[in-house]
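Here the protein sequences line up with chains A and B, keeping their order.
The working numbering puts the first sequence at residues 1 to 263.
The working numbering puts the second sequence at residues 1001 to 1153.
These are computed hints drawn from the structure, not numbers from a lab.
Some clues are possibly wrong.
Derived DSS-like pairs (lysine-lysine); straight-line CA-CA distance at most 25 Å [claimed, not checked]:
#1 B:Lys1105 to A:Lys225
#2 A:Lys122 to A:Lys104
#3 A:Lys70 to A:Lys24
#4 A:Lys174 to A:Lys122
#5 B:Lys1060 to A:Lys225
#6 B:Lys1105 to A:Lys122
#7 A:Lys70 to A:Lys174
#8 A:Lys104 to A:Lys225
#9 A:Lys24 to A:Lys174
Okay, here's what each chain looks like letter by letter:
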Amino acid sequence: MTATLEPAASTAVGEVPTFQVTLKIARYIPSDAPAPAYGEPVPAGTARWDEFQLTVHGTDRVLDALHQVKWDLDGTLTFRRSCAHGVCGSDAMRINGRNRLACKTLLKDLDPSKPITIEPIKGLPVIKDLVVDMEPFFASYREIMPFLITGANEPTKERLQSQTQRDRFDDTTKCILCAACTTSCPVFWTDGQYFGPAAIVNAHRFIFDSRDEGGAQRLEILNDKEGAWRCRTTFNCTDACPRGIQVTKAIQEVKRAVITRTF
Amino acid sequence: MTTIADPKAPRAPRPGPGRRVTRGNVEMASWLFMRISGVVLVVLIFGHLFVNLVAGGGVKAIDFAFVAGKWASLGWQVWDLLMLWLAMIHGANGLRTIINDYAEKNATRLWLKVLLAASFVAVVVLGTLVIFTFDPCPAGAAAGTLPSFCPAP
Ligand code: HEM
Ligand code: SF4
Ligand code: FES
């Protein structure tokens, strides 16, 4: 059954059709033991799948369904969200096996005839239910120095840039740090030390900015055993990015810049 | 209610990547080598397959005399040596990448790499020896099985 937005004959004009969905949510309940110091092994909690039957509207997104569960059925369900409109990057999760933002994924696009599986993004430690520890992700982000680096004195007016110069890195300015790309990468799953696509995307944003002078330093940082060379061109990151950033292409451009800088 | 199968999640939290910085261009060289050797290997491997399986008498013509005849010429010795070395360095370097992917403990990683290096050395040394010390006309072989250039026994 494919739900559509066209009102069926029996529904009143303007009424949004409703349909049934089953959510299958990966739950993780941390242990009640006192939390150890950060970085120490955490006592194992319990993991299970929970299923919820819901009646939802054709305009509902996965986030609305999660709200319905949390508000009406099981208040213990834990997930992150903030803006609910695809700008803050809080609610990346693995929905039917693919990383997406819950707030940008319409239920009607997911084949409601089968249970919709919702899991935390992979490769980062789970804290509770769909909430993961983002610290390793942001540590890599900080390492590539995601800020403007300039040498000379402050100019008295804004730093000018032509449209062509802007176009060079425009795509990678759109990142919202949701981690969908990094946690879709099989290299990151097995090797948590890898900088990951998101760090490289955000390095790209400054390396190719004509106003920035820290490009050489950033290329040096990514010319690492765990840097850009770890990328195997799987394209999972490009498929996962909710902002439509050409992630793999950006990584490839960084690799090329390291090579041309050397030779 | 079923339990979640993936043992990786949940995983103990780490304060940060805590990775060791590796300087130098080793990884870049390795990455470039995979591509350059790949291109050369396409020519070498498909050339090898064509000459052995298609050209001349085709696959049915392969016998001791055919191989011995090839290795008697310097051109084929160089071709096969290059194919052996490139494929071995390429394959071993690829396996090194895979070991870096999957080995979680430092000790596991070290031992797998020792094993890899040992098998690399064994195959390359044996292969190189065979190519250069091969005797196309072994004494006491039946006359019909030898290449035509061998002196009559
Ligand atoms: C036909 C010619 C060949 C071409 C064009 C080729 C090309 C490549 C390239 C470009 C890579 C790097 C992939 C990446 O970094 O994402 C690679 C990886 C690899 N190659 Fe080859 N290759 C060839 C033949 C071989 C042979 C003969 C072997 C075995 C002896 C081999 C074993 C490997 C291994 C084990 C990897 C690592 C795979 C991985 O990174 O997951 N290749 N190859
Ligand atoms: S590049 Fe895309 S998928 Fe990756 S963190 Fe940024 S917005 Fe998310
Ligand atoms: S809640 Fe902000 S991106 Fe989805």
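Here is how each hint holds up against the structure:
1. B:Lys1105 to A:Lys225: Holds: Lys1105 of chain B and Lys225 of chain A sit about 17 Å apart, inside 25 Å.
2. A:Lys122 to A:Lys104: With Cα atoms ~19 Å apart, Lys122 of chain A and Lys104 of chain A stay inside 25 Å; holds.
3. A:Lys70 to A:Lys24: holds, 14 Å
4. A:Lys174 to A:Lys122: Distance of about 23 Å is within 25 Å: holds.
5. B:Lys1060 to A:Lys225: violated, 48 Å
6. B:Lys1105 to A:Lys122: Roughly 20 Å separates the two Cα atoms, so the pair holds.
7. A:Lys70 to A:Lys174: violated, 31 Å
8. A:Lys104 to A:Lys225: violated, 35 Å
9. A:Lys24 to A:Lys174: Violated - the C-alpha atoms of Lys174 of chain A and Lys24 of chain A are around 31 Å apart, more than 25 Å.
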